[in-house]
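These protein sequence lines map, in sequence, to chains A, B, C and D. In this text, residue positions in the first sequence follow numbering that gives the first Met the number 0: the first is 0, and each later residue adds one. In this text, residue positions in the second sequence follow numbering that gives the first Met the number 0: the first is 0, and each later residue adds one. In this text, residue positions in the third sequence follow numbering that gives the first Met the number 0: the first is 0, and each later residue adds one. In this text, residue positions in the fourth sequence follow numbering that gives the first Met the number 0: the first is 0, and each later residue adds one.
Some hints here could point you the wrong way.
A pair holds if it fits inside one copy or across any two, identical chains being indistinguishable in the list.
DSSO-like mimics (lysine-lysine), calculated; alpha carbons at most 30 Å apart, straight line [what the hints assert, rightly or not]:
1. LYS226 <-> LYS111
2. LYS111 <-> LYS73
3. LYS43 <-> LYS301
4. LYS43 <-> LYS80
5. LYS75 <-> LYS226
6. LYS301 <-> LYS6
7. LYS301 <-> LYS58
8. LYS226 <-> LYS147
9. LYS118 <-> LYS226
10. LYS301 <-> LYS73
11. LYS24 <-> LYS301
12. LYS329 <-> LYS226
13. LYS323 <-> LYS29
14. LYS29 <-> LYS147
15. LYS9 <-> LYS323
16. LYS43 <-> LYS154
17. LYS301 <-> LYS226
18. LYS226 <-> LYS171
19. LYS147 <-> LYS9
20. LYS58 <-> LYS323
21. LYS6 <-> LYS111
22. LYS301 <-> LYS323
23. LYS29 <-> LYS111
Since the hints were derived computationally from the structure, they do not count as laboratory data.
Here's the letter readout for the chains.
4 protein chains.
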Amino acid sequence: MIIQLHKNIKAEDLQIILNTLETHKYSVTKVKTQFENYLICIGKQDVDIRIIGHLNGVKDIHRVSDNYKLVSSKWKTENTKVDLGDDVVIGNGYHGLMAGPCSIESEEQVSKIVGHLIKNDIKIMRGGVYKPRSSPYAFRGLGIEGLKMMHEQCKPHNIKIITEVMQASQIKEMMGYVDIFQVGARNSQNYNLLDALGEIDKPVMIKRGISGTIDELLNSAEYIFSKGNEKLLLCERGIRTFETMYRNTFDINAIQILKDKSHLPVIADPSHGIGIREYVPKLALASLVAGADGIIYEVHDKPEEALSDGQQTLNFIESETLAKNIQRIKALL
Amino acid sequence: MIIQLHKNIKAEDLQIILNTLETHKYSVTKVKTQFENYLICIGKQDVDIRIIGHLNGVKDIHRVSDNYKLVSSKWKTENTKVDLGDDVVIGNGYHGLMAGPCSIESEEQVSKIVGHLIKNDIKIMRGGVYKPRSSPYAFRGLGIEGLKMMHEQCKPHNIKIITEVMQASQIKEMMGYVDIFQVGARNSQNYNLLDALGEIDKPVMIKRGISGTIDELLNSAEYIFSKGNEKLLLCERGIRTFETMYRNTFDINAIQILKDKSHLPVIADPSHGIGIREYVPKLALASLVAGADGIIYEVHDKPEEALSDGQQTLNFIESETLAKNIQRIKALL
Amino acid sequence: MIIQLHKNIKAEDLQIILNTLETHKYSVTKVKTQFENYLICIGKQDVDIRIIGHLNGVKDIHRVSDNYKLVSSKWKTENTKVDLGDDVVIGNGYHGLMAGPCSIESEEQVSKIVGHLIKNDIKIMRGGVYKPRSSPYAFRGLGIEGLKMMHEQCKPHNIKIITEVMQASQIKEMMGYVDIFQVGARNSQNYNLLDALGEIDKPVMIKRGISGTIDELLNSAEYIFSKGNEKLLLCERGIRTFETMYRNTFDINAIQILKDKSHLPVIADPSHGIGIREYVPKLALASLVAGADGIIYEVHDKPEEALSDGQQTLNFIESETLAKNIQRIKALL
Amino acid sequence: MIIQLHKNIKAEDLQIILNTLETHKYSVTKVKTQFENYLICIGKQDVDIRIIGHLNGVKDIHRVSDNYKLVSSKWKTENTKVDLGDDVVIGNGYHGLMAGPCSIESEEQVSKIVGHLIKNDIKIMRGGVYKPRSSPYAFRGLGIEGLKMMHEQCKPHNIKIITEVMQASQIKEMMGYVDIFQVGARNSQNYNLLDALGEIDKPVMIKRGISGTIDELLNSAEYIFSKGNEKLLLCERGIRTFETMYRNTFDINAIQILKDKSHLPVIADPSHGIGIREYVPKLALASLVAGADGIIYEVHDKPEEALSDGQQTLNFIESETLAKNIQRIKALL
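Using the sequences and the accompanying hints, generate a full structural model.
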């Protein structure tokens, strides 16, 4: 059960509500986000919600039978949109397009890619600076310096930045340079990181775990929301199966189901979703048709020389064609 | 290595070719289909193909490094199209739309559905009469009587019929009433059935196994082709994974990869691919965008009363909307 | 619900039972096996079983809530044992050891292996003559001639034979030479084959499908039992997962669960279960400790020259050591 | 390639080695652990190792073709043993037995369980104080207070403690109370945590990821080792598959393969590996037979009242029987 409270609720009114909930044996979590003030109530009893609904300070009250609550679509009449400023909005009808290299490599590389994004009217740049790599001996990214490099060139053109954060201790230094924090597939259930991202006022995109269930992804989002951050995006990036012909099995089914179960925007990552460059564009378009609120893909001026993920990265010509086709499909939808 | 022979090759010329292949330690399979005359040669040596290419009776010769040969795209310059007669063609640019109930249940049911197909200009009817069911106590289909019922009503309207065959001994009695034999997911590696279907001149659609790899699907098609039947369709219908939110994980990646690896048409089955009625239409459209040559889906006049698969079956209104949207997407592509 | 009938039940008594069941809206399947006479009743109503229990001709009556009925452990007080004659018994405390080559290749090969089995007191020989192979160009077995070859050498020593049957039409010719029919993983849901095996009086071992669930395996067994054949063995042989370090993921959990859910004996196949020769022996022993009623493994006089599966086949020395260790573990248990 | 250096290698000798490696285009990582001094060299060239082997300061040199190096069995002649003090040793012939509750709940609970461990001569207690839970509203453990509670009662009896650490920032405060840090399945690829655990001198047990490959597990161990900590244990705890009859699919194959590929001890976790109480003991014994160097399982005085994982937790009687049977199997092996 979700109780929405009035923002300026009086302490004594809150106490009455809490006492009533206690009487009915609810376990209560207080949640105060950028926008609202909630009580999340977990209980076994089936209580008449009017008992609480009429109390002072209660704005609204909703039953939610899912095991996740705040991210559920069951209580929100309208889908969430995440506003990044400068008219860049994702969700509830607004499509978001994010493109960029797997890893930030150099100023020159960033400059070329920013030029490509401007030319194709792509408003959000992706680019990894903290890279989770299976082997400790692989290139692990340029770190905060890479992020600053990215920011310096994106900022003048109002291009927004999405990049992965790997642990809570990195958030503070990254804060000033990032528009969307990305939680990677391997950290999808790193609950300390999720808790920490719940305490900031900055959008977060959570990738589905390597073999994460849809339910787990929604619960990971619930972690962040319940700590106070409503600005959330979900990302389908393929799951691990027995098939070895491609990198991951893109779960196109998940797009419709996530959008049905939750009010949060859903982004598709076709680059990781199939992992083979020539198949990325059609997969991006199919994802849009399936209902994705946005696409994130990898592009590089010279994919064959990229320090990571070159095999799934588009070159500028392929990216330009894709960006145009995305516009065509959006027009049709 | 595939050697295409002239159809009227002389016995002595063939013998010379076979002797040459034996000298180079090839294991040879003779394949005579509706259209061509081939020798499939498996060997470890790397032979200069000109040694064979110049022999009398050889029409053409191709190296194919895949473990499947005849279904590989590596030797055919043009994609296969399967012609069902009456201008119903699938593949190489021709889209095929197949719809109908999970199971044939009664004359009345067939009549209503045929009416729906005619109204929406759908040229191929699906409908199960031999039903593979997990439990021996479940409804197992009307059998050959069901097929005759279907045929009687489809024939006058030139509606083509696709239905599942479960074992070799059923082929003969079904032959006169079927336009496409379907091999179901559970029989995808029933090699005796595949062998038998290779010996007839009638199109066959092979569904991917429940956890069949792309490679296994292509090898199953190779079974049929290598016994003499080139009229083949492949079908992606979802695979088994850990996710439990839906019936199967529709592997949209497989569509592009199958079309790249093979010259055969690829059909998408969104009904089984997600298993939940409300999500079928978007999945069908996304499959088309990903490159599918056709769609097969389940429709019933009263899905909630269907004897099987009702939860994934569209009603007539949903089906009509889908059929129209498929036309819109086809126009765009 | 399972009703056990007296074998010599009078027609009029049976009719009364059937009428009563119809009144309570049960769907009834009559099952007559080698040993018993059953009615399997599927219904939604919750009927007091005493209503039927007191009728003439009823021997016993059992509620079974599983979706499979006859193979369920819920109605049988004692585990099934399958008696192959000559004191070779499997199940309910009797361990069965089966060994032999992947494929029967020649008289000489059979002779050597039979010698090895005699020496090590192994009573059941495995050996494939109909081989399901992913590629149509691979060695597909010696067929019925291979089976006769095997039989000729096993018979004089009372060594029992288990071999795979691939389609219903093979059963008749194989019947005289086989002691246990094996249903392979790829045919685990080939329901026509299962039906046909239900109509004979000969033990059948059903392998779990490549990605078959435990529930599906039990339902496949139910197919055979419900057609009249109670002499059944289940076989765990590994499932398909994302891991690529070995051939299959041996599901040791399945052994305990199958033995708990069903009264049928459970055989472990460590050769396919891991697919790498050096790891087979310990996996065999671990399976025994987990509760397997028997082990089936591959052995060959020269594994490196075997026509199939050589990489997972033990040589005679390894096999001898394993056979001895199996005795030690059995003594401990 | 791994170069073992003399501990007191002179700076100028090291420089010569590094220069030589640079000439041959190796990328070099310096690793200094509790015990040794290594250079890990990644390169594409195939260099004659004698060129480096004869240089001053080089103790030994080994080619390792695996993508992980230090944890590979290819360079170590003897398996690793981890010594916890007080004669508690795991690996290379020493079996380790760890038991305790899923979560530490209260002093009284700890006291009862410690009593049980003493009685059964179990030297290592498990017990979670930081609990990764899918839902943010579930019980998340007592935190550092729980750990102190555990330590206070274990210390006097020389019972060692293993507990999960969830993020780098927790290490310092936990350090004094822990004998083995556990990295949980969800954090198996949390590379910042692994890096941090590489910088301390305390044993670490890494659980395989929920759908982690064997290769990924070994690379995660390589992260820790390459930062300086050699005291490592690997843990198989079941993987995620399509089967839903139990919690996880215990991958018994992984035990043999991990022991073959790596010199590190391998611990089996049958409690999570099957997730159902009654099946845990046999799975534990089977794991030992398959070669596990130790077992970790869950035990509680009242499993049915446990705050977490009660369904897979043994009671004292079951645990006592298991501990005795483990001794019997160990004697046999």
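Hint-by-hint comparison with the structure:
1. LYS226 <-> LYS111: Neither, since 38 Å and 36 Å both go past 30 Å.
2. LYS111 <-> LYS73: neither (44 Å within a copy, 37 Å between copies)
3. LYS43 <-> LYS301: For LYS43 and LYS301, only the inter-copy Cα distance (22 Å) is at most 30 Å; the intra-copy one is 57 Å.
4. LYS43 <-> LYS80: neither (33 Å within a copy, 47 Å between copies)
5. LYS75 <-> LYS226: within (18 Å within a copy, 48 Å between copies)
6. LYS301 <-> LYS6: For LYS301 and LYS6, the Cα distance exceeds 30 Å both inside one copy (52 Å) and across copies (44 Å).
7. LYS301 <-> LYS58: neither (55 Å within a copy, 43 Å between copies)
8. LYS226 <-> LYS147: So LYS226 and LYS147 pass the 30 Å test inside a copy (28 Å) and across (27 Å) alike.
9. LYS118 <-> LYS226: neither (39 Å within a copy, 44 Å between copies)
10. LYS301 <-> LYS73: Result: close only across copies, 28 Å inter versus 46 Å intra.
11. LYS24 <-> LYS301: Answer is between; shortest inter-copy Cα gap is 23 Å, intra-copy 61 Å.
12. LYS329 <-> LYS226: neither (35 Å within a copy, 46 Å between copies)
13. LYS323 <-> LYS29: Answer is neither: 46 Å inside a copy and 48 Å across each miss the 30 Å cutoff.
14. LYS29 <-> LYS147: between (36 Å within a copy, 29 Å between copies)
15. LYS9 <-> LYS323: Neither: 53 Å inside a chain and 56 Å across chains, both beyond 30 Å.
16. LYS43 <-> LYS154: Neither: 50 Å inside a copy, 40 Å across copies.
17. LYS301 <-> LYS226: Neither way: LYS301 and LYS226 sit 41 Å apart in one copy and 33 Å across, limit 30 Å.
18. LYS226 <-> LYS171: Both ways: LYS226 and LYS171 sit 17 Å apart in one copy and 25 Å across, limit 30 Å.
19. LYS147 <-> LYS9: neither (44 Å within a copy, 39 Å between copies)
20. LYS58 <-> LYS323: neither (45 Å within a copy, 44 Å between copies)
21. LYS6 <-> LYS111: Result: close neither inside a copy nor across copies, 47 Å intra and 47 Å inter.
22. LYS301 <-> LYS323: Cα proximity of LYS301 and LYS323: one copy only (20 Å, versus 42 Å across).
23. LYS29 <-> LYS111: For LYS29 and LYS111, the Cα distance exceeds 30 Å both inside one copy (47 Å) and across copies (35 Å).
Of the numbered hints listed earlier, those contradicted by the structure are 1, 2, 4, 6, 7, 9, 12, 13, 15, 16, 17, 19, 20, 21, 23.
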